[in-house]
Amino acid sequence: MKADLVHLENIHKSFNGVEVLHGVDLSLNAGEVLALLGENGAGKSTLVKILAGDIPPTSGTITIQGTELARLDVYQARQLGVRMIFQELNDAPTLTVAENIFLGQWPKNSGLVSWKELQRKAKEVLDRLEVDISVDAMAGSLRVGERQLLEIARALTQNAKVLVLDEPTAALSNVEVDRLFIVMQQLKSQGVGMIYITHRLDEVALVADRVQVLRDGNSVLTTKGKEASRDDLVTAMLGHEATKNARPVPVVTTKKAVEIKNLSSFTEFDDVSFSVDEGEVVCIFGKIGSGSAEILESMFGLRPLSGGEISMFGEVFTPKNPAHSAEAGIGYLPADRQRLGSFGSRSVAENLSVRAWHNMGRFGFVKSGLEALAFNKWAEALRINSRRGPTQEIATLSGGNQQKVLLARWFEAKVNVLLLVEPTRGVDVGARRDIYEIIRKQAKESNMAVIVATSDYEEVVLLADRALIMARGKIVSELTGNAVDANTLVSASS
Amino acid sequence: MSEPQTTKHPVATEAKKRRSIPATAPLVVFLLAMMIFFTITSEYFFDIENFRNILVAMAVTGVVCVPGTLLMISGQVDLSVGSAAAVSGMILAKTVNSHGIAIGLLLCLVFGLVIGLINGFFVTVVGVSSLITTLGTLATLYGVALLIGNGQTVGMRNFDWLGTAQPFNFPLPVIIFALLSILGAIVLRKTVYGRSLYAIGSNPNAARVVGIRSNRILLLTFIYSGLASALAGAILTSQLSAGDPNAARGLELEAITAIVLGGASLAGGRGTLFGTVLGLLVLGVLNNGLILLDIPTFWQRIAQGVMLILAVSFDQVRQKLNDQR
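Those sequence lines, one after another, are chains G and H.
Under our numbering, the letters of the first sequence match residues 382 to 875, in that order.
Under our numbering, the letters of the second sequence match residues 88 to 412, in that order.
These aren't lab readings, by the way, just hints derived from the structure by calculation.
Please read these numbers as outputs of a predicted model, since none were measured by experiment.
Glycine is no exception: its CB is placed at the ideal position from the N, C-alpha and C atoms.
Since no wrong hints were added, every one of them can be taken at face value.
Sample of chain G residues at the chain H side, in silico, Cβ under 8 Å:
1. L683
2. P703
3. A704
4. S706
5. E708
6. Y713
7. R720
8. L721
9. R727
10. E731
11. R736
12. W738
13. H739
14. G745
15. V747
16. S749
Whenever a hint applies, use it, and build me the whole structure from the sequences.
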């Protein structure tokens, strides 16, 4: 059957002589949601970039709405109704919702922007999506999920026929995810075809009509959304069967590393107490906004405290700022990798060594070669895939590989306490397992206390020695050993 | 992509072969092409004495370009260098006449330090962008320079060695510039401070969150810039044997043009001192060639402005090409 909306046939793509897509087909019908799965580096991004006209394919044909094209540029793709919604926001935060929806295409009245018309039309679009956001609100004042809906609304006003959603739920809370899915249902009924890239397998059955799995530049599985079992999908993505979600072997510990007593911030969390032993991995599980990430921010000196006490190895520690905390032997991995974590234009080796420079030479000097050496050591241990070795710019790596570099940054700095916020957001299944494995191994080997703030219950099950559950700024329960399971976590946190 | 990593690891050496276009390669080609052109068109160009002139002419700008490059890499800019040089020159001329060379030089450098502190304070503590802060000090200090000499130049006696001495038959200002450049290059490549500048420029938010003391580092760099401006002012004043409030006008434009030509990105996180030196040579050779060809000096200004725009455009094009690979 020839798809009526998009049909990519036998797409090959090479970069610098290295072929990354080996003849992939993809088709999409109007009013259909196609989930595109695959590990980082499988070729998903390259494929959708080709569809959006961002990069030309080396060979293959692209047919959009019956028009066959050998080459496609960005403008042509837009003309044909292809729109991409990225994880990163592309809006203008200081403009209103209405202005953002019609960004650059404001309705005009004899050459001047007609504000009335703009507001009316914007409201119309939002109503069509059944989204309740004020059109006069500043885009920057909205939550991440709402801003994403805004981008979808903008795409619609530009007559989108094909929407590519690149991991839209990565930064969303559960409520926001539900709302996004409702909007997607709306779009389906209006005949919009959607390619939905995600790492969350549980979403596939919920939204996708069909699933396509890419692995190493080949299409390895295409099936109906409802028929795809989780195991089948994981096997297709990895190329081998995944190990079961077994609980890790608990660490036997005795020495307290961190003790938190009655810690409060002004608005985000209240009267939180817990402790973490050396070598132990404790997960604080809670929805976005529950206060779990904010506790870690406060511990690292990124957010002021209004009360309580933090002790490290028996001594009171009052965080002042990140530099002070880092020098006290604390490491911190932020959730927003691009904005707060990586130095995009610098090499992977530099990104990895930034906290260890002081130990790489004397009198403020960094011995040449040590950065590369450190990178090669961790690249092997963490299976970091950097095609051009230590000198490759970090921004050119996949999300999972970038995250591994940022983790290794703190391992190399030999911290005693490591704080991780959403450590596997936007990271594929394979890399995710690598990351869990290495965190546990490092914690054990170097007696490091690890505290993880996460909204992903699977992560808690796979990673934690102990789980603290947070809701509305308070710790509501604590689970240890085999009591840590998905059902208990989800029901306790809501 | 600018600094080669010296390592024997096979992955790294293999990686070198597949390097993207180095930022400096086209600049070298351009410089050579210009030199060939001027050699053909002017009989005076290819001459040791003329080369010496070129180097002397770029030394003063070069001195402020060293910290200027560090600042640009960290995503900052110092526009006050010209005015600061003018004021320190005036101070020098006045005090050398009355209190001698040592006191004069000391005061001159103290002034540079203070200006660096002021610029750095507003950028790091108050949080004003460096573009605006130093634009303000640029205007203010120009006024101060005029004020000191009452709008006139101030003659200075018995202190021309800093600007004109030739130890080992080589102009002292050029030696000073060369030493500063080498020192700067080592600092950038080999020290924690230098590496931190790249990190801050590449992503200031991440630099803070990873625990780099950015404010301290930037303040220090603004102080270097202030000191270098004072030194440049001193050299200039010594060359002219007079403090001239207008002598260093446009120094900031020339410095930034050279730095950007050399491949430092205005967005921060990229750049090398080697590139900046090449940029300075390009400007130096261009100015010199235009003079030798008897082209009116107004054209030098025009050429410089055009070069700045070309340099920035080229930077953009190069980045796009590299992204596409």
